Each structure stands twice: as structure tokens, then as C-alpha cells.
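*Asks:* Protein chains in written order, with my numbering: chain A, 26 to 214; chain B, 54 to 175.
Each hint should be verified, as a subset may be incorrect.
Label pairs and their calculated CB-CB ranges [what the hints assert, rightly or not]:
#1 MET101/B - GLY71/A: 44 to 54 Å
#2 VAL167/B - ALA88/A: 28 to 38 Å
#3 GLY141/B - LEU201/A: 35 to 45 Å
#4 ARG42/A - ARG148/B: 33 to 43 Å
#5 SER166/B - GLN29/A: 47 to 57 Å
#6 SER166/B - LEU41/A: 49 to 59 Å
#7 GLY141/B - GLN35/A: 36 to 46 Å
#8 ALA88/A - GLU124/B: 52 to 62 Å
#9 GLY170/B - LEU107/A: 49 to 59 Å
#10 ALA83/B - GLU54/A: 24 to 34 Å
Because the hints were derived from the structure by calculation, they are not lab data. Note that the structure is predicted; figures quoted are calculated from it, not measured. Using N, Cα and C, we set each Cβ at its ideal position, and we do this for glycine too.
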Amino acid sequence: MTTQVDARAQIERYLLRLRGALGNVSAEEKAEILSDLRNHLEESAGAVAAAIAALGSPEELAASYHRERLLARASTTPEPSLLLRATFQWALTGLRGVLAFLVLLFGYSFSAGFLICGLLKPFMPNQVGMWLHPPAITLGVVSEPGAHELLGWWMIPIGFTVGPLLLIGTTRLIQLLLRRRAARHVAML
Amino acid sequence: MYLSMEHTKQWDAQLRKGSLELAILASLWARPLYGLEMLRTLRERGGMEVAEGTLYPILNRLRLDGLVTSEWQDAGTGHPRKYYTLTGPGRSRTRELAAAWGAFSAQMNGIVSVVNGKGDPQ
């Protein structure tokens, strides 16, 4: 009887730590995950300690869940913050990830740059635009003497076209890269 | 010699890991199973030792992707168990992966048959 109580307490302690380690996973999904593992551990009657050891520490297990979840959602989600997190995690694992992360940062920064310039142009027509001051071309607010603005009022339609296109293009490209990576690494975690 | 065996072991582990998603989906092809049953099926049918800490995160991902569902069922054991079932998209995905695997392994068998065949080249 005592051992049964002990086993139950061990299971609860493990699940409690796992719940904490899962962090910001939605309550519903967390409940599913915990119920998967509760069922698994309860089925391992009599050998709960061994079953817990086989699962690894709650923190390691939670990390596996996080990696798999990002793999599941990031390759199909259009949500930039999730893509950013997934790509950042990828960047920590190697050069390809770093390159993908840089592509994402540049793509999103330029997209935001074009949109902001399009928005500000009507209010600051003489400062905002695409400026040529050889050998550089700058997009944004420039007060450098001698710089020559290239787009004029075209900044507005171009900003509102190129900005969103860059956003969509970068998102699609990163999704594609993440899917290709998932295909290579799908079960290597 | 030791290094070469280590390398073979690593390569074998990579191969197994790469095919794990298909193995897990295929284990559910005939009927819904609960977690321990899946591990047993993979071990008995394919000699594949899958760690529990690997299986459940993958199952959760397959569930998020809508390829697998899970529900509690009382299978006459006195207590309910959580069973995993392939969904419609899960079955199509399994069929696709199995076909890709079949084609790939046939190609590889063709390529390595000279190595595994009898006798050495002159």
C-alpha cells in the first residue's frame, strides 16, 4: 500500500516539474501532454522509478516537447514571432540556422523600413525617402547634405507594395527552409 | 576498428531516428494503440528500441499536426487507457511516407546488392 502511495507521489512530483518546465504551452495542450504521461507512468505499475528514469528529467523532456512543437507549427504558421523563435533556436545549432536567422532579420527589417517610409513620407516629405549619397543608398530619414532623394512621392506606393511583399516573401522563404529542415531532422530529437 | 564500429553505430542510429515518424505512424495502421503498446509493437515487429522520452513529444507533434488523435478508452482492463488513432490525413500521410520509403529502399537495395551479393569483384 505504502509503495503504491509512494509511486503515485513520485508520478505527481514528476508531472508537477514537467508542468513548470513546459512553460507557456497552452493549458489545453499541457493537459493533453500531462495526461499522456500520467497514463504511461500509471501503466508502468510496479516500476515507476524505472519508467521515470526512462523518460529523462522533466526539463529535458520539456525541451524535446518544445523542439517538436516548434517543428510542427513553425513550418505552417505565418506568425512572425513564432518564426523568429523557431529560427533563433535553429541558429543556436549551426551555420545554416544562423544564415536563415539573418535572412529573416534582414527581410523583416527592410519590410518594416519600406512600410514606415511609406507612412511617414506625407508628413516629412523632405526627410523621408530613398537617398543616394554615393556610394551608399539609404532608406529612411536622412539629413545628410548632398544626399539625393530617388523616389519622390513614389515612396508611398512603393513603400506600401514592397513592404508587405517583403514580409510575405520572407515568411514564405523561412517556412520553406524550416520545412526542409524538418524533413531532414524530423525525428532526430 | 573500434572507430569504424562506432561510426557504423552512429550511422545506424541516424537512420533509425530519420525513419521514426513513419515507424510510429505505421504502428497505428492496423488499430489504435496505447503508448506502451506502441513501444512494444515497434520493438517486436521491427526490433526498434524507441525511448519513451522520444515517443511522446513526437506523438504530441503528430497530434498538433492533426495526423493522430488520442482518447481515453476502457478496453476491458478495469481502468481506462489513452489510445492513439490515425486520422484521415494521418492515414494519407502514412501511405505517402511508406511509398517514399519503399521506393528509396528498393533503390538502395539495388545499389548495395553488389556488396551484399556473393563473392568479391575480381
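*Asks:* Taking the hints in turn, state whether each one holds.
*Replies:* A quick look at each hint next to the structure:
1. MET101/B - GLY71/A: 44 to 54 Å: Check failed, 25 Å falls outside 44 to 54 Å.
2. VAL167/B - ALA88/A: 28 to 38 Å: This hint is violated: roughly 43 Å between Cβ atoms.
3. GLY141/B - LEU201/A: 35 to 45 Å: 26 Å, violated
4. ARG42/A - ARG148/B: 33 to 43 Å: 39 Å, holds
5. SER166/B - GLN29/A: 47 to 57 Å: 56 Å, holds
6. SER166/B - LEU41/A: 49 to 59 Å: 54 Å, holds
7. GLY141/B - GLN35/A: 36 to 46 Å: 39 Å, holds
8. ALA88/A - GLU124/B: 52 to 62 Å: 27 Å, violated
9. GLY170/B - LEU107/A: 49 to 59 Å: Because 50 Å falls inside the window, the suggested range holds.
10. ALA83/B - GLU54/A: 24 to 34 Å: 28 Å, holds
The structure does not agree with the numbered hints 1, 2, 3, 8 stated previously, though it agrees with the rest.
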